[in-house]
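**Q** The working numbering numbers the first residue of the sequence shown as -5 and each following residue consecutively.
By construction, these hints were calculated from the structure, which means they are not laboratory data. There may be inaccurate statements among the hints.
[As the list claims (entries may be wrong)] Listed next, the in silico DSS-like pairs over lysine-lysine satisfying Cα-Cα at most 30 Å (straight line):
no. : residue 1 : residue 2
1   : K80       : K110
2   : K166      : K80
3   : K204      : K231
4   : K109      : K210
5   : K210      : K80
6   : K231      : K62
7   : K210      : K69
8   : K25       : K62
9   : K80       : K25
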Amino acid sequence: MSGFQLALDYIDAGSEEEILQHRERALDAIKKLEKALGLIQRVEPGLPSNSISVEPDVEQRPQQLSEKILTRIDKNLASIVSYARKSPETAVAPAPQKREDPRIIDAQIYYGARKKTTSMMFRTALAIRSISMEFARFQHYRRGYSRVARQVNRLSAKADQTQEATISDFIKENHIADHRTFERMITSGTKMLVLEGLFGSCGISSLLWKVPSWSKLSYPELPVLLELLLQIPEYDKVRTTAEDLTGWYEQCQDVYDQNIYAQRATFLYNKLPLCRPKDVIQPVSYPLIGTDSFGGHMRDSDMVVSMASACPESSLKHTGMCSFAFHVHIVR
């Protein structure tokens, strides 16, 4: 049997997850087959132009875009609350078994899928948040500060320009194969953690996973979104839901991280030479970031989130958080 026949048999027996994980190469192969067979070429290779659904009028002034995002959250609120009735163990669902960091695979499957299921969206949000928190700890361990902390204290429109060196180091140290997906996750996840820091908890993320187009907001536009959320009565229900779901979302993140730990250890074991001692196969655990590194607004247990609160002090439900006036200096 020829190698080509073996390849066709393997594709025929492959799962949908495997196809989605290798979307780019699959599209390249489809294009080549269509050309060879004289068929009309219906697809182009490469990543989808935008895996995250974005409205055509996304290039609007900041307040209009923030209003649209909050309106979409409000429309999805019943669906979000319904999903939050699941236990964290059920909501998170099992991870796929592949030879790559399982968080990367969750994102690969999501980005490659045309039909994005609710559980797929939720797992990917947790994957992005998990790997971004780990990357922030890695940055702090290597540089003495993280981009998340810098952005919370002083928003800059040039947010990702200082991350390149540490991104390449993290990729190498953690044996990540899909660099593009990882960088895409960090771009979105860093912004997510900054927004959590400005809001005061991960409650805001407990809603935004359902409306992924929020990430099209620039860093200077994040305060606009929060100002509308905190001050406009129309979004009171959105704000209170974010507060109510904070604990549940934290539990889901814990369950997700616990579930993938063993899989990451297996993945790293398969990547490392057999001569390496067994004690190196555990995923790298970077030191937790101390309070002083985040301007006094963060506890060790909070990792890189809950650094400060943009909510009025009377509305805070989470003990130990510091409130501050809602003024953010933006660097142009």
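**Q** None of the hints should be skipped; say for each whether it holds.
**A** Results of checking the hints against the structure:
For the suggested pair K80 and K110, the alpha carbons sit about 19 Å apart, so the restraint of at most 30 Å is met. Restraint check for K166 and K80: the C-alpha separation of about 37 Å exceeds 30 Å, so the hint is violated. This hinted pair checks out: K204 and K231 have alpha carbons roughly 16 Å apart, not beyond 30 Å. For the suggested pair K109 and K210, the alpha carbons sit about 20 Å apart, so the restraint of at most 30 Å is met.
Between the alpha carbons of K210 and K80 the distance comes to roughly 29 Å, so the proposed pair stays at or under 30 Å and holds. Proposed proximity of K231 and K62 is supported: the alpha carbons are some 16 Å apart, at most 30 Å. Restraint check for K210 and K69: satisfied, since their Cα atoms lie roughly 19 Å apart, inside the 30 Å limit. Taking the CA atoms of K25 and K62, the gap is near 37 Å; set against the 30 Å cutoff, the hint is violated.
A hinted pair counts as satisfied when its Cα atoms are at most 30 Å apart, and K80 with K25 does not qualify at roughly 42 Å.
Violated hints, listed in ascending order, are 2, 8, 9; each of the other numbered hints is respected by the structure.
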